[in-house]
Amino acid sequence: MAGEELVARDPTTALLSVHDLHCAFGGLNAVDGVSFDVQTGGITGLIGPNGAGKTTALGIIAGATAPTGGTVSFDGRDITRLAVHERARLGLTRTFQLSSEFPRLTVLENLLAAERDQPGDSLWGAVLGRRHWGAAEREYVERARDLLARFGMDGKESEYAGNLSGGQKRLVEIMRALMTRPRLLLLDEPMAGVHPNLAQSIASYLEELRDNGLTMLMIEHELSIVDRLCDPVVVMAQGRIIARGRMAEVRHHEQVLEAYLVG
Amino acid sequence: MSSGLQFYVTTLLVYACVDMMACWALNLQYGVTGLLNFAFILFQAAGAYTAAVLALPLQTANGGFQQYILGLGLPFPWTVLGAGLAGGVLALAIGLISLRKLRTDYEAVVMLVVSIIATTAVSNFVPLFNGSAGVSLVPNPFDGLNVDPLVETWLYVGLAAVAALLTFAFAQRVTNSPFGRSLRAVRENEAAAAAVGKNVARLRLLMFVVGGVIAAMSGGVLVGFIGLWAPSAWLYPETLVIFAAVIIGGRGNNVGAAVGALLVPVAFNEATRFLPQVGNPALIDALQWVVIALLILAFLWFRPQGIVPERRRVFPAARPGANPADRRVAESMAPSGGSR
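These protein sequences, in sequence, are chains Z and F.
Here the first sequence is numbered in the numbering used here, starting from 1 and rising by one per residue.
Here the second sequence is numbered in the numbering used here, starting from 264 and rising by one per residue.
Bear in mind the hints are in silico, worked out from the structure with no lab data behind them.
Ideal placement from N, C-alpha and C gives every residue a C-beta, glycine not left out.
Don't take each hint at face value.
Stated by the list, open to error - Here are a few chain F residues that sit away from chain Z, every Cβ distance over 12 angstroms (derived from the structure):
(1) 338
(2) 417
(3) 457
What the hints assert, rightly or not - Each pair of labels, with its calculated beta carbon distance range:
(4) Z/81 x F/552: 44 to 54 angstroms
(5) F/572 x Z/195: 52 to 62 angstroms
(6) F/575 x Z/166: 15 to 25 angstroms
(7) F/578 x Z/86: 25 to 35 angstroms
(8) Z/24 x F/375: 29 to 39 angstroms
(9) F/432 x Z/196: 46 to 56 angstroms
(10) Z/124 x F/580: 28 to 38 angstroms
(11) Z/221 x F/432: 29 to 39 angstroms
(12) Z/163 x F/366: 21 to 31 angstroms
(13) Z/166 x F/574: 19 to 29 angstroms
(14) Z/196 x F/572: 34 to 44 angstroms
When you get a sec, could you build the whole thing from the sequences and use the hints?
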């Protein structure tokens with residue numbers, strides 16, 4: 001089909017490559033032979049009607065769900081058997097469909113909790129005391145504050161994340177993911193349940209991140225947002241990929257129309 | 264102060280130190296990391312037994328009236344250190360089995376069952392720790408000094424206080440460090456903590472072991488003072504007393520845990536001793552458990568953060584001269600919703 005070459009399987013250059021993923025829960029094939037690549041740069045959209053298997057596929061890529069078959073490669077390395085935290089340390093970080101902030105940590109602490117290579121982030125480092133980790137902490141606080149300011153959340157740094165509005169929680173989650181210095185950010189409906197105005201703001205932040213060179217794979221229902229942000233898109237229905245390419249092209253794809261109308 | 268009163272006060276002080284150590288251990292596990300360790304008292308018991316059989320002479324030396332393993336006759340620091348080691352090994356073994364695959368609520372049930380099994384096993388397997396009669400005549404570390412018994416108890420208060428202070432310093436450093444923040448992240452949301460690179464299973468197991476070591480050392484300190492230890496001292500409801508203390512004092516706050524230790528196991532359990540007997544002699548004892556349960560409920564309902572809540576961590580403002588960051592899009596995220 002047209003646009004196929006944009007997401008052609010090419011493991012030598014793809015940042016993320018999933019091959020023949022299967023995932024069955026009992027008799028239900030939630031993901032049924034899914035293969036696609038995510039090239040470096042840009043936002044790849046993963047779309048499809050409810051129950052298409054998008055979130056399951058994302059869960060498998062992030063390591064939260066074990067596939068019953070298939071492989072996931074990240075940057076040329078087979079990561080199918082790695083745990084979630086090991087993938088995160090490689091630079092593969094996800095956000096969740098339901099907001100997953102750390103409620104009784106402040107906004108700033110939510111971000112700091114994602115920081116790597118902090119000498120005080122081990123039992124031994126903690127026992128050695130602030131002298132051992134204070135300098136690194138100051139540096140990370142500064143970095144987190146820059147991020148907060150960029151996302152317009154600097155006034156909220158000492159607020160408990162659990163007290164924020166739904167949209168602000170989304171932002172905290174995205175900023176927290178950015179603190180891990182991801183190479184690929186997996187976003188599961190980052191605008192779901194958010195006021196349309198805030199959703200537009202989140203979209204602009206993502207646009208800005210994309211333009212700054214961050215690679216993302218995003219599940220999204222709102223087609224206008226997909227249209228604005230994602231290129232290419234992968235369309236799933238009933239556990240399979242039914243189309244892929246530019247949004248403008250798959251929009252008119254017969255199977256896609258059918259899936260969206262039926263779904 | 265009369266010597267009788269002095270014995271009473273010193274006993275209370277040693278219990279206060281031991282209970283505070285236990286509460287800090289449980290606070291690190293439950294208050295900070297979110298581990299529902301319903302077998303907590305088992306680790307204090309393991310430490311007490313270990314310290315006892317390390318300090319006691321061979322079982323034949325007492326005329327063989329009690330049976331127990333080891334009987335190494337070791338002096339003080341080794342008894343408490345050995346207790347800590349035993350607690351850590353036991354926690355590692357139980358943790359490896361129950362913490363790895365199970366969800367938190369199942370874990371709690373497993374812990375409770377482990378605690379009950381352990382009491383039953385130790386009560387009935389006499390050669391280990393003398394069964395339900397327990398071990399007694401455990402030497403006090405200051406016995407060798409041949410001082411007045413009153414001096415000896417005051418010395419022991421000092422020992423317990425040093426142990427408690429060291430535990431407090433340790434617990435504070437852990438809680439207030441970036442590591443403590445990672446633990447709180449695990450408590451708040453395990454999946455999200457893993458997604459930002461935390462090895463959740465490892466952190467939980469580590470804190471299960473750390474708490475086990477401290478709990479066992481508190482047991483070791485206690486048994487050196489009271490000189491005996493038996494299954495009736497560590498029945499599973501005793502865990503609930505420590506939980507009540509941490510919940511009432513303030514989960515996640517070490518000062519709160521200490522306040523809880525002083526209020527629940529020390530003050531509350533002690534005050535009821537002075538009540539006149541009413542009706543059945545077991546009535547007040549039974550009511551005590553009812554009241555502890557009601558206290559837990561009342562606090563969880565009306566003041567879940569406890570008397571001394573977990574501190575909100577506010578970071579000092581940036582140094583003057585730090586670059587103000589780009590605020591182009593700052594206004595658009597106000598809850599009222601800026602349009603663009």
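Hint by hint, here is what the structure shows:
1. For residue 338 of chain F, the shortest C-beta to C-beta distance to chain Z comes to about 26 angstroms, beyond the 12 angstroms cut-off, and the non-interface label holds.
2. Residue-level check passed: residue 417 of chain F sits 30 angstroms from the nearest beta carbon of chain Z, beyond 12 angstroms.
3. Listed as a non-interface residue, residue 457 of chain F fails to keep its Cβ farther than 12 angstroms from every Cβ of chain Z; the least gap is roughly 4 angstroms.
4. Between residue 81 of chain Z and residue 552 of chain F the CB atoms are about 49 angstroms apart, so this pair conforms to the stated range of 44 to 54 angstroms.
5. One distance hint, 52 to 62 angstroms for the beta-carbon pair residue 572 of chain F and residue 195 of chain Z, is violated here, with the actual separation near 32 angstroms.
6. About 22 angstroms separates the C-beta atoms of residue 575 of chain F and residue 166 of chain Z, a value consistent with the hinted range of 15 to 25 angstroms.
7. Residue 578 of chain F and residue 86 of chain Z have their C-beta atoms about 30 angstroms apart, which keeps the hinted 25 to 35 angstroms range intact.
8. At about 35 angstroms, the beta-carbon gap between residue 24 of chain Z and residue 375 of chain F stays in the expected band of 29 to 39 angstroms.
9. For the pair residue 432 of chain F and residue 196 of chain Z, the supplied restraint of 46 to 56 angstroms holds, since their beta-carbon distance comes to about 52 angstroms.
10. In this structure the supplied range 28 to 38 angstroms holds for residue 124 of chain Z paired with residue 580 of chain F, their Cβ-Cβ distance being about 30 angstroms.
11. One distance hint, 29 to 39 angstroms for the beta-carbon pair residue 221 of chain Z and residue 432 of chain F, is violated here, with the actual separation near 52 angstroms.
12. For the pair residue 163 of chain Z and residue 366 of chain F, the supplied restraint of 21 to 31 angstroms holds, since their beta-carbon distance comes to about 27 angstroms.
13. Between residue 166 of chain Z and residue 574 of chain F the C-beta distance comes to about 27 angstroms, which sits within the given range of 19 to 29 angstroms.
14. For the hinted restraint 34 to 44 angstroms between residue 196 of chain Z and residue 572 of chain F, the CB-CB distance of approximately 37 angstroms keeps it satisfied.
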